[in-house]
Amino acid sequence: MRLQIDNARLLCPANGWDEAGSLLIEDGKIAEIGKVTGKADETIDADGLCLSPGLIDLRVKTGEPGAEQKETLATASRAAVAGGVTSMVVMPDTNPVIDDVALVQFIANRGKETSKTRIYAAGALTKGLKGEAMAEMGLMSDSGAVFFTNGDLPISDASVLRRTMAYAASCGALVSSRADDHALAKRGVMNSGALAARIGLSGLPREAEWIGLARDLLLAEATKCTLLVDQVSTARSIEMIKAARARGVKVWASVAAHHLFFNELDVGDYLTYCKVNPPFRSEEDRQALIDALAHGEIDAVVSAHDPQPPEEKRLPFAEASFGAAGLETVLSALLVLVQDERLSMLDALMPLTASPANIIGVPQGQLKEGAPADLILFDPEKPWFCEREHLRSRSLNSPFDGRRMVGRVMRTIIGGETVFERGT
Amino acid sequence: MSIPGYSYEFNHTHLLSIEDLSRLDIGHILDLAEEFAEATRRGERPEPHLKNNTVINLFFENSTRTMSSFEIAAKRLGADVITMPVAQSSVKKGETLIDTAMTLNAMAPDAIVIRHSASGGVKLLSRKVDCAVINAGDGTHQHPTQGLLDTLTIRRAKGRIEGLKVTICGDIIHSRVARSTTMALHMLGAEVTLCGPATLMPSGTDTWGAARALSDFDAAIEGADVVMMLRLQLERMNGAYLPSQREYFRSFGLTAERLKRAAPDATVMHPGPMNRGVEIESAIADGDRSVITEQVEMGVAVREAVLKLLSGRRT
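The listed protein sequences derive, respectively, from chains A and B.
The opening residue of the first sequence carries number 1 in the numbering used here; numbering runs sequentially from there.
The opening residue of the second sequence carries number 425 in the numbering used here; numbering runs sequentially from there.
Treat the hints as calculated values from the structure; they're not laboratory data.
Being a predicted model, the structure only gives us computed values, none of them experimental.
Beta carbons are placed, not taken as given, at the ideal position from N, Cα and C, and that holds for glycine.
Heads up, a few of these hints could be off.
Claimed, not checked - One side only, chain A facing chain B, incomplete, derived with CB under 7 Å:
#	residue
1	A183
2	L184
3	A194
4	A197
5	R198
6	K250
7	P316
8	F317
9	A318
10	E319
11	F322
Throw the hints in and build the complete structure from the sequences for me.
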C-alpha cells in the first residue's frame, strides 16, 4: 500500500523544514519527501494543510488498569488521535501500579489490542509508588518502559531518591520527577497568592516546586542520572534548570500545555476544571514559560491528560481531584501562541515531536525516509470553540471548555493508516 | 432610601459574599436591620413577612450562635424553620453536597441557610437550587451576615463608617469574618488595618480593601476608633502557628494598657465565642467600651433584614 500526500506544507522541526511539497508512504513508513517520484495507490490532496510528524505526548494518565470509569487506553486514544497525538507515554499511577515487568507488558499489549495510538509505559520508580523500595527498573526497561517516575506522588525521602537515581544511572534509565516538597505542598489546592487568600483556599507555594527542584537537580548531578523535570510551572524553575545545565547536569524539562494558556486567575470562582498540580501560576510565570519555549529551553510539551469524572470534580474546590483532560487541546494551545507570533511554527512543534522522540529514544517524530509514517495534517488557523460535550475522552474535565481555540487536526495517520479524519 | 430621580431595588437572589453587594445594597440592608432592631427593643413583633415560607438551616459545621440567630430571625418573621445539623443528615453517609442540594431543593423551601467547611461550598450548592441561599460561613472564604452585623454595630456606636480607623486583630488567614468585615467596611469608606502574627497573615489583603497589614499590634492599634479581636482556634497554638497561648497574649492580647494607644473612645468588638485571657482581657470584654453583646443583637436584626429581602425569590 502506497499513499501519497500532495500539496502539503511539510513541517519537520528536526530538519528545520517548512516548505511546500509531497510525501509518499509505503508499508507504514515514510518513503519519499518533498518531490515524489514513486507511484501511489492512493493520493490525498492536502490543499495546503500542514503535514507534520504526529505528536508524542510524554505524560498521559488513563484509568487503565483500575479506574476504567475515568478512561481506558482505548478511550484516551480516541481523544489522542483527534488531537494529533500518535504516541503517548502513560503514567504508572494506576491500580495496580505499573511497577513490574508483567504490568509493563500488560500496558503494551492492551495498547496494541485496543488503542489506535502507540502506547509506551512509564514505570514506577518505587514499588507501589510508596517512595520506599526501588522498582525493577532494569527489567522494566528491557520490557519497553521508556522512563521511570513516581508520577503524582514524588518521592519525598531524599535518600531513597538518591539511591534510585544512582541505580537508574547505572542501568541507563531516565528518571522523571515532578518537583515538589511534600510537606510544604500537601494541603494546597491552588497557587499561593492573593487570589487563594481572598477566596479562602490553601496555597501550593512556588517554594515547594523550587525546593523539590533544587533537590532533584543536585541529586541528578551527584549521581550523574539523566533527569526529566516533569511539568515546570514557574519562571525561577527555568533559571534553576539553565544553571544546572551550565554545570553539566543532564536535564530535560517538560511543561504542560495548559500552563502555557492559563494563569491562577482562571480558577476564578472555584472552577474545579482549573484545579491541576502543579497549579496554574502567575501571569509572569506563564509568560516566562512561553519565553523559555521560544528559546528552546523546554524539551517537551505534554498534555498532562488526567481524566476525572464529574463525581471527582463537582465538589467544593478543596475536595475536588486534581487533573485536566488535555489530549485534544495540546496542539491548539501551542498554535494559539504561533498565531500570536510568540513562537514560530517549528519551535511550537519541536517539543511535541522530535524532541520528546529523542528523550525516549523512538524513531518517529520526524519526516525522514524510513521513519514510521506517524503523521498529522492540520489547519493551523482554523478557529473552533471548545465545548467539553464534544470532546472524545471518557472524562470531559477540560479547562478549555468554553474557550475559543485555533488550529485543528484534520487527519491523523499512524504507521501509514489513517486513524482519524475530521469531517469539514 | 429614596432619592429623587433614582430608583433602587435589592435585586439579588442569594447572599453569598460581601463582594456581590454594592454600597447601596449594604446601606439598604443596614437601614432595614436597624428598623428591626429598634422594633425589637420597643418590644414589638415585626410583620410576618415570611409567613408560609419554609427556611432550611443547613449547618455542616458546628455553630451555636449563628445557627440560633438565623433560626430566631426566621421565626420572628413568621417562617417555618427546619434546622438540620450535619450529624442528622445523610452527608455522613457519603452523599455529595450537590446531591444534598438537589434533595432539599425538591422539597421546595423558600430559603436555605448554609454553613459549610469548604470555601466555595455554599456557592456550589446555590447553583443547584431554585430558592434563596444565604451563606452562613463557607470555609475560610466568607461570612457575609457577620460582615454586615459588624458594620451595623459600628455604625450605631460611631454614627458613621466613613473615615473610621478600624483594626482587626488575630488569625486573619483562617478568618472568613476578617474577609467579610474588611470588605464591607472598606466599601463604606473605613480604613481597615489587619494585624496578626506573620504565620496567620495571608498575602494580598489589599485586594480585600485593607489599608495595612501589620504584625505589630501596638502599631496597628494606634489611634484606632474600633478594635475588633478575632477568635483564635486553640489548636493553632500548639506550636504549629504559635508557640503558646501566653506568648500570643503577650503580643496580640487586648489589654487595658494596649487599649490606651487607641482613640480615647475606641469601641471594642469580638465576633465570639471569646477565649478570655487569650485574645482579650475579661475586664475589657465586659467593659463599657465593649459592644460584643450588641453584635449578637444586631446579628438577629441583620438576618431578619436579609431573609426579608430575599423572600419571594424562589424561581
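Hint by hint, work out which the structure violates, then give me just those numbers in ascending order. Of the numbered hints given earlier, those the structure breaks are 1, 2, 6, 11, listed in rising order.
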